[in-house]
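Participant: Residue numbers (this note's numbering), protein chains in the order written: chain A, 1 to 325; chain B, 1001 to 1146; chain C, 2001 to 2340; chain D, 3001 to 3663.
Since the hints were made in silico from the structure, they are not lab data. Just so you know, these numbers come straight off a predicted model, no measurement behind them.
Straight-line distance between alpha carbons at most 27 Å, and here's what the computed BS3-like set of lysine-lysine pairs gives:
| no. | chain 1 | residue 1 | chain 2 | residue 2 |
| --- | --- | --- | --- | --- |
| 1 | C | Lys2330 | A | Lys68 |
| 2 | C | Lys2262 | D | Lys3652 |
| 3 | C | Lys2069 | D | Lys3023 |
| 4 | A | Lys16 | C | Lys2226 |
| 5 | A | Lys283 | D | Lys3595 |
| 6 | D | Lys3401 | D | Lys3340 |
| 7 | A | Lys71 | C | Lys2226 |
| 8 | C | Lys2206 | A | Lys113 |
| 9 | B | Lys1117 | D | Lys3108 |
| 10 | B | Lys1145 | C | Lys2069 |
| 11 | D | Lys3337 | D | Lys3399 |
| 12 | C | Lys2333 | A | Lys6 |
| 13 | A | Lys145 | C | Lys2047 |
| 14 | D | Lys3108 | B | Lys1145 |
| 15 | A | Lys222 | D | Lys3647 |
| 16 | C | Lys2073 | D | Lys3060 |
| 17 | D | Lys3399 | A | Lys309 |
| 18 | D | Lys3221 | D | Lys3171 |
| 19 | B | Lys1145 | D | Lys3023 |
| 20 | C | Lys2073 | D | Lys3652 |
| 21 | C | Lys2211 | A | Lys46 |
| 22 | A | Lys222 | D | Lys3652 |
| 23 | C | Lys2226 | A | Lys46 |
| 24 | C | Lys2226 | A | Lys68 |
| 25 | C | Lys2330 | A | Lys46 |
| 26 | A | Lys46 | C | Lys2206 |
Stretches of chain D that chain B covers, calculated by requiring three or more beta carbons in the stretch to come under 8 Å of a beta carbon on chain B:
| no. | stretch |
| --- | --- |
| 27 | 3062-3072 |
| 28 | 3092-3101 |
| 29 | 3110-3117 |
| 30 | 3512-3524 |
| 31 | 3631-3643 |
| 32 | 3654-3661 |
No residue lacks a Cβ here, since even glycine has one placed at the ideal position from N, Cα and C.
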Amino acid sequence: MQQGLKEKAIQLLKDKTVDRVVGWKAGEFFYDLTPAVFHTPEEIEKDFVFSVFSGANLSKYLIAESRKGGKVAAFLKPCDTYSFQQLLKEHRILRENVYVVGVQCDGTCDIEKIKAAGCDGVTAVREEGDGLVAETLYGEHRMSKKDALLDRCAVCKSHKLVVYDELLGEQGEEQDAGRFAEVEKLERMTPEERYSFWRGELSRCIRCNACRNVCPACSCEKCIFDNPDSGARNKAAADSFEENMFHIIRAFHVASRCTDCGECSRVCPQHIPLHLLNRKFIKDIDELYGEYQAGADMDTKPPLMDFTKGDADPSVVYERGGDKA
Amino acid sequence: MQVNGEFQPTIVAFCCNWCSYAGADLSGTNRLQYPANVKIIRIPCSCRLNPLFILRAFQRGADGVILCGCHPGDCHYTTGNYYARRRMTLLFSMLDYLGIEKERTRVEWVSAAEGGKFAATMNDFVAAVTKLGPNRRLEDLRCSKD
Amino acid sequence: MKKLPLSKIDELFKALSAGQKLYIPADDAAGQAKFTVWQEGLALSQKLNTVRSAKDLFFPQVENLVGFKVTGKQIELIESRDPAEPFVLFGVRACDARSFDILDKVFLAEPADTYYKARRENGVVVTMACTRPAETCFCTVFGIDPTEPAGDVSCWMDGESLYWQANTEKGEKLTAGLSMLEDSGEEAVRAQQEKTREILGKLPLKDLNLKGFDGEHMMELFQSPKWASLSESCLGCGTCTFVCPTCQCYDIEEFNTGSEVKRFRCWDSCMYSDFTKMSAGQPRPTQLERFRQRFMHKLVYFPTNNDGMYGCVGCGRCLQKCPISMNIAKVIKTLGEDKK
Amino acid sequence: MQRIGVFVCWCGSNIAATVDVEKVSEVLGHEPGVVFSTNYQYMCSQTGQDMIQSAIRDYKLTGVVICSCSPRMHETTFRRACEKAGLNPYLVEIANIREQCSWIHKDKAVGTEKAIILGRAAIAKVQLNRPLTAGESPVTKRALVIGGGIAGIQTALDIADAGFPVDIVEKKPTIGGKMTQLDKTFPTLDCAACILTPKMVEAAQNENIHIYSYSEVEAVKGFVGNFRVTIRKKARYVKEDVCTGCGLCTEKCPQKKVPNEFNLGLDTRRAIYIPFAQAVPKVATIDADYCRMLKEGKCGVCSKVCTAGAIDYKQKDELIEEAYGAIVVATGYNPIKLDKFDEFAYSQSPDVVSSLEFERLMNAAGPTGGVLLRPSDHTHPKTLVFVQCVGSRCDSEEKGKPYCSKICCMYTAKHAMLCREKYPDTEVYVFYIDVRTPGKNFDEFYRRAVEEYGVHYIKGMVGKVVPENGKLKVQASDLLDNRQLHIDADMVVLAAAIEPDESARPLATMLTASMDTNNFFTEAHPKLRPVESPTAGIFLSGACQGPKDIPETVAQAGAAASKAIGLLCKDHLTCNPCVAEPDELMCNGCSSCEKVCPYGAITYADKEFRGPNRTTLIRRVAQVNPAVCQGCGACTVACPSGAMDLKGFSNKQIMAEVDAICR
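Looking at chain A on its own, in the form it has when it is part of the complex (with noise of 0.2 Å):
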């Protein structure tokens, strides 16, 4: 896999299709890939890595890219397409300054869990067969692939690229991998459960921001909470309501437009099941408003912008709310 990418990606570079290219570079140990812009073949072959650690959503970097003159390839996912699109219907990627390249992908892993799973001080990953072997400081581990792979890939919602100007390997198909059972889970908690359990999860919060820096529904010139004239803004949870804010407010201001890529999640250093806020409303505009899937086409509205003369009224949130305990 990662060879046909680099070769595209030289062969774009050399006929001159574009003048740069985005993909992931090689870090210090061989999961830590940075984002990165290429520029000669010469960088691709140097330091071009596909790989199970290749997560990073890079559509978001697209708003800038496609602003900086002369044309770009990217290396896009299924889960990525969607992103981009989404980006696209909000005019924030000029679409004729980007070759997108939509590279198939069977689930990208997490170095965490992998050291969570007793591997510290891993220096390698090797794949055997369907599993992981990872050498570490103080020998050898092995583990299966699954319990490796971030939580968004083990419940993957699409391997369809919805967008592409070529396709790397296969066309896939939307998947229903049940990522709505933990967002039940909780629904079907009570109140106090539920309380208790996003109390002890948002309170690890260090308002770094990295979920929403990363977040390609995030994609404002100016945060609210950045802005002293949105009377919003705040820099540090100063008190738990201010922790519950931030996650509230972004979770609504990205909702109907938030593709679930997960990259909230992925990035979290306080591993904040942030991507079940987002699930919960996409769940609800599924139920209450018909299935929607942010990023999957161009014309459709949000469903925030939109409605119809027969919706539920605010009240169904007494019968249908949580509470089913």
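Guided by the hints, dock chains B, C and D onto chain A, whose structure is given.
Facilitator: This is chains B, C and D only, laid out in the frame that chain A set:
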């Protein structure tokens, strides 16, 4: 807020200018009583209500927040309350998901002619929130008065 | 040196938490280590280190400074600093222990920061030697010996026992009250240190070369074209800053509760687009400048102003937590290439 | 520094009885920013207003808070008063301490406390008020009427009579619309042509009216008072100004096999044609789909016979751009297609006809010259069955329409009556669900059909119509006598539901006018603004807004005209200054606001901004047209970055009120 030992909820009512605010005026004109806990903020349309305002109210010590707008189909701006309806439905569902008492937030459609409904709604809402007791799950301790 | 069978460790914690707060690394709901107030039943984490560094205990993310009340046209001041209580900080690793020296240089230099000072004076630091360093560790690069951690008290732990060595007056005072400790030789500890040092010899980052990161190369480093590619994918989040044991920048904000204005300080990050924003605008307009600032500060400005002491302790937190896996090790290597 | 004045009104005893006005003004006087506070018996009285005005001058007030009755009562009064004293009217806020305080509370302590809090909220808000000035936009004194049916004609005539130029755009070669195809009109039975054609001529001759026949609206830009419309004048290959309408070409044209849409295909016409004798403009049109000259380049008979030399095979579509102040939509209706109703054998037998086709068969100018003959064998039908509600009040969506088409009951009564009158030997059956006859003389009319003309009205639906050796076997049920009926009919007439013209939907999009699920235009308010579209400057006339008969259509046409005239009379439109306002520095250009704007007030522009390090960058940012924005605020919440705010009800102002109330 505690008034001689007994809990008095603070209620913020956002009313759209064209229907519900007029409905509130009408219940006044008809001398229909409802508790003084309710303080009304006039907004042009229910679709003007930003979820930020609701959270802000809870942060600053509100125990309940209610939005009143024209009946669906009667919006002065034709579609405003349809958007408000979706926004509030999703927001309330999210608050419930976070374990915040869902009875603290409500939306009611009150026309300019429904002074009676306005008063009844407020009486009912105040009673419901009083039963719940003070807002603890969405309060900002820095603003707490007790 | 004293020792204590691990079976009795709760006894030790009980004693340490008598009359003061005891913080130990314990696993949180997400299975990561966090300094937590000890109470009956709280287990010591087996993780190498905490996600948030030990600096939190001396320099919390949010801290009240003072309050104002306006009545009519009068303004009154309200003392609102949290009361300074004695506490013990147990299980600090060598890297974090070093970070206190760095923070001290910032906060205790005259005029001393009284909020920080009060916490430092009230806190007793009990360190814990490392036995299983991670691939991301590179404290040795900064002359730190993780098997010989500093602190008021240094500890070592093997399968059976905890070894305890008081280093300072504070440490002695703390030790005095701990009857459950028995005297012990140092053999076990030395043996363990040997084993650990072997691992240290294998660490992938042990040879990070800091040659040339100094005042005389300041401009050359500052003007290096490499900053552009290093910073190009930086998200401008504050993760590295907030998990870093030595980052010490803060902002002072005010919050109007309606009846009172509370002035507090909270961590800030030089990676944020609004960091030190002024009426004239943003002195570091792009992420390149912000990114460069952070690393120039740790690797050049700080040592230049503090007789060679680097602003990094090699704990490796930023290596583990950066969303895009850009970190100080990569910066040192990339810029360092020119030096070899 | 703010200098705010607070004025507490007693409203006689209305407020003072349950609110301690002294205390309220005393306490509010100590609020930060307040430099003057007083109370008075009747603030709205001249003395009260003088009090406010002198305070504004003496204390150099920057904001005024009046604690009184509802702003819906006296906001304008107080704003005017302050404006007279030189204070911007939008620096005035009202605290409603009557309707929402003194009148609903009995306990004075409670009322007083609440009044103080409401006052604080108003003070908190006024601290953040900005002076606002209502913008003005000029009005182009010309109207456009889209659709040249009776609705469009009537509207155009009324506007023209008021002295304003008005253009009619009609997609057909002639104006007149559906009404030209009708025979007689209920309930008076006078002939449609006789009452319509004079109006058509009048329209043609009125110098204020210009008719674009055989033309369609291509694009609409602009907004109320300033629409810019592109009209496509389709090539008719005949020079309008030269053609005399003599009709010679339409007799000589060799292409005879063209189905005649005016008679709904019941007969044929030539490739060059004039729809009917009284067409306006009376000008021939070449049907490019059938003309051999245009298709194969040979023939050219018409140009040979045309003495005026009006034929021009080279003619091209022409695009005309015109400016208008107001637009009236009068796109009318069509009967639905009946192919989905095969149980009535519409597509199997020519003797099963729609009501409109029946109109033509009865019409003296129709294919049969007004003699009722079966299309199949041109014999006189003896037994006729009329079926009501074909596709109306229909629960299956893909088949028919959920609504009542309103006109069918009456025209069917008319048809039945006319049959019996002209041909007393016929038997006429009408199958109905309900007979709906609201309207002046309507029920009398229907009863005459039953009582005087002996039409058999049967409550029940026709289940099936089977053509069988020249007859139409009608199976139906009589719900009242609860029996099955079998009728051998010679003709079956279907009262097809009516639907908006297919051009309505794309037009609505061009106009950003809203439509309901049935593609009828929606009115600004169902009860109070029935002839205006929610989009300012767009008015609705006739069946495009819902099924209507002729008198209703004409009435609405007049109403729409008067609304348009009201608009055109103005030289300038003053806009509500409380409109949305984007902060271009914060705007992402993501179009969220545009998607929720009911008025199409938001557009986007690529603007150049100063980037970091002396760079410049182009960004797509939202622009609000203050003349179109009505200030609902939907966009302000849709905007994730908070770039969109609402003047007069800004985020900060509302939050300040919240804080004051909760504190």
